[in-house]
Structure formats: C-alpha cells, structure tokens
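Participant: Protein sequence lines, in the order shown, are assigned to chains A and B. Position 208 of the first sequence, counted from 1, bears residue number 208 in my numbering, the numbering being contiguous throughout. Position 118 of the second sequence, counted from 1, bears residue number 598 in my numbering, the numbering being contiguous throughout.
Because the hints were derived from the structure by calculation, they are not lab data. No experiment lies behind these values; they were computed from the predicted model shown. A virtual CB, placed ideally from N, CA and C, is assigned to each residue, including glycine. Among the clues, some could well be false.
FRET-style restraints, in silico, Cβ to Cβ [said to hold, decoys possible]:
id : chain 1 : residue 1 : chain 2 : residue 2 : range
1  : A       : GLU378    : B       : VAL776    : 54 to 62 angstroms
2  : B       : ALA511    : A       : ALA243    : 48 to 56 angstroms
3  : A       : GLU378    : B       : ARG801    : 24 to 32 angstroms
4  : A       : SER139    : B       : GLU536    : 26 to 34 angstroms
5  : A       : GLU295    : B       : ILE799    : 52 to 60 angstroms
6  : B       : GLY621    : A       : GLY352    : 51 to 59 angstroms
7  : A       : ALA23     : B       : ALA511    : 42 to 50 angstroms
8  : B       : ASP512    : A       : GLU395    : 53 to 61 angstroms
9  : B       : LYS758    : A       : GLU395    : 22 to 30 angstroms
10 : B       : VAL776    : A       : GLU397    : 50 to 58 angstroms
11 : B       : GLY621    : A       : GLU295    : 40 to 48 angstroms
No more than 20 angstroms apart at the CA atoms, straight line, and that leaves these computed lysine-lysine pairs for PhoX-like [as the list claims (entries may be wrong)]:
id : chain 1 : residue 1 : chain 2 : residue 2
12 : A       : LYS121    : A       : LYS134
13 : A       : LYS47     : B       : LYS758
14 : B       : LYS772    : B       : LYS783
15 : B       : LYS808    : B       : LYS783
16 : A       : LYS82     : B       : LYS808
17 : B       : LYS698    : B       : LYS758
18 : A       : LYS459    : A       : LYS121
19 : B       : LYS758    : B       : LYS772
20 : A       : LYS134    : B       : LYS482
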Amino acid sequence: MTRLIVGPFNRVEGDLEVILDVADGAVREARVKSSLYRGFEQILQGKAPLDALVFVPRICGICSVSQSAAASQALASAMGIKPPDNGRLAANLIQASENVADHVTHFYLFFMPDFARDCYKSQPWWHATSGRFKAVTGSAAGDFLPARAGWMRAMGLLAGKWPHTLTLQPGGSTHPINASERLRLLRVLREFRAFLERITFGDTLETVAAITSANELASWAERHAGSDFGLFLRASQALNLRALGHAGVAFMSYGAYEQPNGRWWPAGVWAGGPALLDPTQIAEDVSHAWYADAEAPLPPQRGSTLPIADKDAAYTWCKAPRLGGEVVETGALARQLVAGHPLAHDLVARDGGGVEARVVARLLEVARLVPAMETWAEALRPGEPFSVAGELPAEAEGMGLVEAARGSLGHWLSIRRGRLHNYQIIAPTTWNFSPRDSAGRPGALERALVGVPVGEGEKAPASVQHIVRSFDPCMVCTVH
Amino acid sequence: MKLVWLQSGGCGGCTLSWLGSEWGSLFATLADAGIEIVWHPSISEACADESLAILEACVDGTQPFDVLCIEGSLLRGPAGSGRFHVMAGTGRPMIEWVRLLAARAQHVVAMGSCAAFGGVTAAGINPTDACGLQYDGANPGGLLGTPFRAGAGLPVVNVSGCPTHPDWVTETLLSLARGEMEAGDLDELARPRFYTDVLVHHGCNRNEFYEFKASAEKAGDQGCLMEHMGCKGTQAHADCNQRPWNGSGSCTSGGYACISCTEPAFEEPGHPFTSTPKVAGIPIGLPLDMPKAWFVALAALSKSATPARVRQNATTDHIIRWPRPAKKP
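Whole structure, please, built from the sequences with the hints as guidance.
Facilitator: Encoded structure:
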C-alpha cells in the first residue's frame, strides 16, 4: 500500500487535501482533509442577532448570498415573519443569480480546464478542448468573463453588490426595485440567455431543459458538438466519466425558490425512490474532526464547536453531518432528482450518478433557472412593498434551510437575552466532503474515490481531479 | 510582472469579486499589461504536486516572481503554531509559506481587509488569532511586522475592502506593473490612495436626504442611512459611490448601511452594525472632519428646512412626491 497526499488541491473554493491509500493500481481508501479553520460559529456567539447578516456571507465568497439567505430565513423563523411577494421574488432572483453564476463559473474556470491537460494530448478532442478551456489562456475565458460580469449586474441592481450584500433581511429585501430597474434586470437576463444559447449550449434553454434521458442527451451532444456543453459531453463520453465517481449514497435537497405554496424545487431525499426529508434527523459527528468530542452526534440546534488541534483519530476540520445516521450527497444532481427531472433520474438509474451526471445536472439547472428568473422579474410589482418589519424576540430558536449552488445549506440559531447564544452551520461540502463518523462510515467523496485507478508514478491522477471537482466543492463553507 | 496569489483565513470573495471585473476580459487585461499569473488557487491549471513544485521554486529562488498577493487573514493560532491553516499537501502552516515568499517578493499586496488588517476572521473572540500581514486590526505589526519592506521598498500594500472592488485589485496590479506606485501613492494605512482619498459618502445617491437629515427608519426606506441605520459612509475611505459595483450598485444604493469595510477593525464596531449608536439622540460617529457643534447646529437647521417632498420620501420605499417642473415666472 502506498499513500498519496494530493494537495494543495486548487480550482476548488478554498484549500483541500485528499489522502489516497493505493494498492494494486487503485484507490483502496480515501480521506478528505479540510485544512482551514476560522471559527465563525465561535465568532457569532454573543453577537446581536441581526449582525449574523454581516458575518455569515463572509464565510464564503462564492456562496455569499446563500449564506445570507439561510441566516435571514433562520432569523425570520425566530421572528415569525414572512417577506411580501416582491421580497420573496427578489430573494429568489438574488439566490438564483448567485447559483447560476456559480454553476457557470465552476464549468468554465474550475472544471473544464482539466480537459486541456497534456495527459489528454493523444485524444482526438484535445486540440479543440484545450484551445477553448486551457486555464487562463483558453478562448472560453475571454468569452465567459465579460458575460459573467454582465450577469453580475443583476446583483448590482438587486443587491447593491456581490459578494457580501446586506440586502436579504428577515422581512424581505432592502432594495425596492423601481420600474426602470426592473427593465434593466430583464435586459441582463436576456443578454445572458443569449450568451448561453449562442456559446454554452448552441441551443435554446427550453430545448436543453426538455432533454429527458441519457440517450436523448447523447444524440443532442452529437448535434451540438461545437458548443461548450457539447465539448464536455464529447470528452466525458471518451473518458467514460459517467461511470466514474459515484458515491452510492442517498441524495438530499432542502428545496429551493419560494413560491406562494412551497418551493419550486421541493425538499426531499432520493434513495432509489423519493422519501421525505426530516431535518430533525440531522446530527453532526466529530469523531474524526479536530473538535472536542460529544457523547453522541449532536443535532445542530444543540451543536457545539470547540476546536482542539491535537486529537488522535482526527484528520480534518470538517465535521461529519449525517441524516438519520446515514451519509448523503447534496448538490444540483440531488436537487434535480428530488425535483423529479427525468434526465437526472435517467442518469442516476443508469450509472448511479457520478462525474458526468453532476456536471450535466448543473448545466440543466442553468437552463431551467434563467427562464424562471425571467418570469420572476416579470412578476415584480414596483411601488409595492419589498419587505415587512418585525420584532426580534429576546428568546427564540430559528432554522434556515436553503440550497446553495453546490447543495444544501442549513443555519440553526438560538437567541438568549437578545443575543446569539448558539449558531451552527452545515454547508453543502460539509455533507459531501465529510470525514468518517464514529461508525467508520466514510463521507460521500471518500466513497466516490474508492476503486479509482492510479497509474505508476501518478501523483494526482486526472480522474481523481475530475471526481473531486465534480462536486463543485466549497472548502471555506465546509468548515467555516 | 509575475504574480503569485495565495489564500488563507478568508472567504475567497476578493478573488470572486475580481473575476466580476468589467471593462473587458480580465485575463486579457492582465496579459496586455504583461502580468503573468505564476499560480493562483482559483484559476491555475497546476494542482497538487505541480503547484507545490512551483511554490517551492518560488521559495528557493529558482522560479522568479515579482508580486505576492495574499487573500485572507493570517492565522497564528493555536498558540502561535499556525495550525489552524496548514497548507494542504505541505504539512507547513500557511503563515510560514507567507513569511518565506514575502522575503522573496518585490511587492507584497494584501488583497482585502482580512489580509490587510485581520478582518472578519479576527472578530469576536478571534478564535484563530487572526491578523493582517502588517497590521493587527488598527495596530501596526501583524504577521510580518512593522519594519518589513518588500524587495522594491514598499510596505505591504493594503487593498482593503470586504470584499475588494475588482478595479481596486486590477488597478493596483497595473500600477505596480508599470512601476508607478510609490510610497506617496499610499495612505496612512498603506492603502492605495486612488480609491481611499475619497469617502463612501461622496457620490451617494441619498445625498439630498443627507443634506436635510431626512432619515430612513426601516429597511427599504429611501432616506439617509446615517442617523438610524448604522451607515458609516461619511467616515469610510473608499470610492464605492463613484465607482459602481456590478454595473450600477453600491451598499447604500442597495438599501443598506456602509459598514466601513475598508477600515481596520470594522468587524468590531462596538454596536450592532445596522443601527446607529447615539448619545442624547446624536450619532456618535460623525462625518470624518466635521466639528460636533457645527454638525448638531446644521442638522437642527436643515431638519427644520426640509422640504415636505424629501421628508415624506425618506420613510417610504418608493418615491411618493417628486420634484415638480419649475413654475414659469
């Protein structure tokens, strides 16, 4: 058995190390090490409750708005208030802006550059893919970065700036959109739709969103081989990425985008079939993380965060959240499974849901979200309220469950004597990149890496990199 | 100019903000200015052993580089060991990497308030003993110490902000690449004066409300955010209302207070961020260089002179009275 220490793992948000035990040319065991601890849960203790809205976005520069949304929902639940329609729509638009931006940023800047690597030089698709996606110098970045900057104008209009806005409040949005801003917002959405339809897909968003099966996707890919998504699908087919990196665990989504009757994409669990999500079944195990041990895994409402740098069994700053004691995977694929999208179901039924399915689900979401955002922007009513006022009780509990681009994000808070008494956060990558728990069960990525071939002399196999990045990890959120 | 960028105790938001750069394609702008990215954690191809080889070569001098950019605060804890951030794959605390690389760099730039002063990571009980490169909050020192000067002679250049505006980062790098940044171009806190010689207040689109002290009272109100909502735009050094964010935005145009995020120790204001602390009804934090007695006198006067239009609009979430066309004489 040889041990490979893979790090610093880049093009993930934050710092990451992956430890691989290799035997007989394949990964026998994997351990994921989150290497940075900052202590937001300790920082928040004793703060004025609304100050959480300043601190939590700064947990993460890429999930900033998702953190705001989770905190504002947790505070709203403590206050017993609900934003008016405009506030709900503005929050949806702001969250969707971030999630779309994150999905395409992941695709263009974090994930695709790996196919430009020299190790693929002998592949017939390498020349086109490398010219397009080579890190920093590829032609795609030249198209994508200005389009992304144009897209982020939605944040300038809706939220003042991104990242780190204070616009999302428990009662709604601080920035009422006027009639002219609404028109500008629609222009931003239409302009980015044009970029996606011309460059990313080479097809209408509605057509992409209507693909229902792996076979349909394959024939679509043949007809759109020159689009950026087509280039991915071609490389993915050649490298058989559909069979790579499935974790073999259940999928979980908290549900996303508030509608008058529930969420557009509902909350739930997918384990070969649909199941209800019971958030009271969530608990965090710290047996393999650098924290003071608890007698049993604690539900986040009663969770604690006491870092200790010396602990024999520990190898990461990431806690191990479990749902009813089980490991789950979260992210765009989980969301689309739980939301019942037929393509997600077919991809997972076929291969279990690995690298290809995760990437496809992300782009499928982009194709579904932008048209939805157009309808939300149309529905804004300038001149009507965007927020309601509320009173913060001196004693209260609150919970906010949202979906960041990379998966399920939860905040649990308690207020005592008007101050934050406890604040616990479980981020998407906390789920996906969790370490082993006290029963020895590895986390989702730790499972997904087992069995991956490692060639003689390989230090950081490309297949390992594809698997890790297919989760779109955010390490700064993971530990916080 | 060759650039090495590392991230430690922060959120990565200054990089993500930078990637939202307008004025054309960011990578093309850098290439055009001769700025080459030797390694950046979010955008470089090199990973794991490849990146480690680059960074080790930078430390031992075989890979030349000019600028070291640090994003995120420097975590000295626990007990000075730096183990709250051991750089992945290296077994070596990030603060050691930063010390070694800073000693080789012609310029060292703190990208964001965390790397400059400690920032949000240093808030509360500061669990990780976080500090900035050359400041610990408002106190000089930090990881590298006050006497530190990078190879070309400048102290750490503090591009503060939480996050930084994309142009603050780009223009600092352009200025360094052109050899145009000198000691006199930095303010007392070593921030580039091109964006800190003005206040956030300058260009705020709530200026008429400020003039008449017609103040917002709740989220969404259009009035001035200073009197009740915690806004520090009249004290914070930055050009946020002259250089729009994401096309057309800023904190105050987004409807919320400037929390003074370019200033050291902004993370611990001593009061809830979005309510203004007052003594006898008068805000404690007055406009930067305004004598208190004059402020009080002028505020009283301007409040009594406030047009009904401004007074009524201040506490609503959309314009209910608008300036009428001038009457013909």
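Participant: Check whether the Cα positions of LYS808 (chain B) and LYS783 (chain B) lie no farther apart than 20 angstroms.
Facilitator: With a Cα-Cα distance of about 28 angstroms, the restraint between LYS808 (chain B) and LYS783 (chain B) is violated, given a limit of 20 angstroms.
Participant: For the range 24 to 32 angstroms, tell me whether the beta carbons of GLU378 (chain A) and ARG801 (chain B) fit it or not.
Facilitator: holds, 28 angstroms
Participant: Can you let me know if the beta-carbon spacing of SER139 (chain A) and GLU536 (chain B) is within 26 to 34 angstroms?
Facilitator: holds, 32 angstroms
Participant: State, for the Cβ atoms of GLU295 (chain A) and ILE799 (chain B), whether the hinted interval 52 to 60 angstroms holds or is violated.
Facilitator: Given range 52 to 60 angstroms: holds, Cβ gap about 59 angstroms.
Participant: Could you tell me whether the CB distance from ALA23 (chain A) to ALA511 (chain B) stays inside 42 to 50 angstroms?
Facilitator: With a Cβ separation near 45 angstroms, ALA23 (chain A) and ALA511 (chain B) satisfy 42 to 50 angstroms, so the hint holds.
Participant: With a cut-off of 20 angstroms on the C-alpha distance, tell me whether LYS47 (chain A) and LYS758 (chain B) pass.
Facilitator: Satisfied, since the Cα-Cα distance of roughly 19 angstroms is no more than 20 angstroms.
Participant: Taking the beta carbons of ALA511 (chain B) and ALA243 (chain A), is their distance inside 48 to 56 angstroms?
Facilitator: violated, 38 angstroms
Participant: Taking 20 angstroms as the top limit, are the C-alpha atoms of LYS772 (chain B) and LYS783 (chain B) close enough?
Facilitator: holds, 16 angstroms
Participant: For the range 50 to 58 angstroms, tell me whether the beta carbons of VAL776 (chain B) and GLU397 (chain A) fit it or not.
Facilitator: Since the Cβ atoms of VAL776 (chain B) and GLU397 (chain A) sit about 43 angstroms apart, the hinted range of 50 to 58 angstroms is violated.
Participant: With a cut-off of 20 angstroms on the C-alpha distance, tell me whether LYS82 (chain A) and LYS808 (chain B) pass.
Facilitator: violated, 48 angstroms
Participant: Does the Cβ distance between LYS758 (chain B) and GLU395 (chain A) fall inside 22 to 30 angstroms?
Facilitator: The hint (22 to 30 angstroms, Cβ to Cβ) holds, given that LYS758 (chain B) and GLU395 (chain A) are roughly 26 angstroms apart.
Participant: Just to be careful, I want the Cα atoms of LYS698 (chain B) and LYS758 (chain B) compared with a cutoff of 20 angstroms; is the pair within it?
Facilitator: Within the cut-off at roughly 17 angstroms; holds.
The structure fails to meet hints 1, 2, 10, 15, 16 from the earlier list, while all remaining hints are met.
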